[in-house]
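Residue numbers (the UniProt record's numbering): 1 to 236.
Some hints here could point you the wrong way.
With a cut-off of at most 25 Å between alpha-carbon atoms, the simulated SDA-like pairs for lysine to any residue come out as follows [claimed, not checked]:
| no. | residue 1 | residue 2 |
| --- | --- | --- |
| 1 | Lys23 | Arg100 |
| 2 | Lys175 | Ala135 |
| 3 | Lys149 | Lys175 |
| 4 | Lys225 | Gly197 |
| 5 | Lys50 | Lys175 |
| 6 | Lys225 | Ala43 |
| 7 | Lys145 | Val45 |
| 8 | Lys225 | Pro152 |
| 9 | Lys50 | Arg100 |
| 10 | Lys149 | Thr59 |
| 11 | Lys225 | Gln194 |
| 12 | Lys225 | Leu186 |
| 13 | Lys225 | Ser39 |
| 14 | Lys23 | His143 |
| 15 | Lys225 | Lys175 |
| 16 | Lys149 | Gly61 |
Quick list of simulated restraints, FRET-style, between CB atoms [said to hold, decoys possible]:
| no. | residue 1 | residue 2 | range |
| --- | --- | --- | --- |
| 17 | Thr35 | Ala104 | 13 to 23 Å |
| 18 | Glu119 | Thr234 | 37 to 47 Å |
| 19 | Ala205 | Ile57 | 21 to 31 Å |
| 20 | Leu123 | Asp21 | 14 to 24 Å |
| 21 | Asp52 | Glu119 | 18 to 28 Å |
| 22 | Asp66 | Arg177 | 18 to 28 Å |
| 23 | Pro125 | Gly61 | 32 to 42 Å |
| 24 | Lys50 | Phe131 | 38 to 48 Å |
| 25 | Lys23 | Ala205 | 38 to 48 Å |
| 26 | Ser38 | Pro228 | 21 to 31 Å |
The set of hints was computed from the structure by calculation and includes no laboratory data. Glycine is no exception: its CB is placed at the ideal position from the N, C-alpha and C atoms.
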Amino acid sequence: METVTPIAPLEDACTVVIVRDGKLGLETLMLERPTTSSSFGGAWVFPGGKVDPEDRIDTSGTALDDLAAARAAGLRELAEETGQQLRPEGLVWLSQWTPRQAIARRFRTWFMLAPASPEPIVLNPGEHERFTWLAPSLALELHAKGEMKLVPPTWVTLHNLDGAASVAQAITEAKARTVFAYNTHLLMPARGSQPDGVLWAGDEAYPDQAGGGTVPGARHRLTTKALPWVFERTAL
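The whole structure should be built from the sequences, with the hints applied where relevant.
Given below as structure tokens:
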């Protein structure tokens, strides 16, 4: 009998995408995870981490809702990992990411966008190896060449920020955009056990479509079986 891996319960986390105006336009702060890390080893990521119990209660002892708790966790993790000190009102909600596949730990992760503060970047020893400021287009180019390891949520976030000429433009566009929930399913080939990539609501192959399906040929996926990765999204 085939063993079915149970889907782990969801845990909450928050990622903060810090941006600044560089000489050539918008730049994002990227942190390199240690290759020995059990979580995204060797990958370049944005600051962030899981929501702890203390993040769910404000200074008066009042319970916070999930979004406010995610903001609190994001600010705490950002300060611990980089030394950046921001306020909750400075965070703009970009997206939410939830893996739907059966894995050991699943995190429902809020992605927030914020301008960098004046403090210098100070890494938490052992948590990240290096940091750099990069234009989203350059980070994607390095990844396409195999010179920078990224994971799909980071890649898609960089892809969505590419084209913003300044922090002001990125913030304005993020505030105007409807927050999308990336409930991620694996894109499996017709034959074989290794996924070709990941897909989201609106793709013709996405399961559990509301209303019983979507337009034949519709695309909302990231193909990751070879470099460069290919993102496709038709009108949703």
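Each hint, compared with the structure:
1. Lys23 with Arg100: violated (40 Å)
2. Lys175 with Ala135: holds (20 Å)
3. Lys149 with Lys175: violated (29 Å)
4. Lys225 with Gly197: Holds - the C-alpha atoms of Gly197 and Lys225 are around 6 Å apart, at most 25 Å.
5. Lys50 with Lys175: Holds, at about 24 Å.
6. Lys225 with Ala43: With Cα atoms ~17 Å apart, Lys225 and Ala43 stay inside 25 Å; holds.
7. Lys145 with Val45: holds (17 Å)
8. Lys225 with Pro152: holds (12 Å)
9. Lys50 with Arg100: holds (18 Å)
10. Lys149 with Thr59: Distance ~39 Å between Lys149 and Thr59 Cα, so the pair is violated.
11. Lys225 with Gln194: With Cα atoms ~9 Å apart, Lys225 and Gln194 stay inside 25 Å; holds.
12. Lys225 with Leu186: With a Cα-Cα distance of about 12 Å, the restraint between Lys225 and Leu186 holds, given a limit of 25 Å.
13. Lys225 with Ser39: holds (21 Å)
14. Lys23 with His143: holds (22 Å)
15. Lys225 with Lys175: violated (33 Å)
16. Lys149 with Gly61: Status violated; Cα separation ~41 Å.
17. Thr35 with Ala104: 13 to 23 Å: holds (20 Å)
18. Glu119 with Thr234: 37 to 47 Å: Given range 37 to 47 Å: holds, Cβ gap about 42 Å.
19. Ala205 with Ile57: 21 to 31 Å: violated (42 Å)
20. Leu123 with Asp21: 14 to 24 Å: holds (22 Å)
21. Asp52 with Glu119: 18 to 28 Å: Holds, at about 23 Å.
22. Asp66 with Arg177: 18 to 28 Å: holds (20 Å)
23. Pro125 with Gly61: 32 to 42 Å: holds (33 Å)
24. Lys50 with Phe131: 38 to 48 Å: violated (21 Å)
25. Lys23 with Ala205: 38 to 48 Å: holds (42 Å)
26. Ser38 with Pro228: 21 to 31 Å: With a Cβ separation near 27 Å, Ser38 and Pro228 satisfy 21 to 31 Å, so the hint holds.
Of the numbered hints stated above, those contradicted by the structure are hints 1, 3, 10, 15, 16, 19, 24, listed in ascending order.
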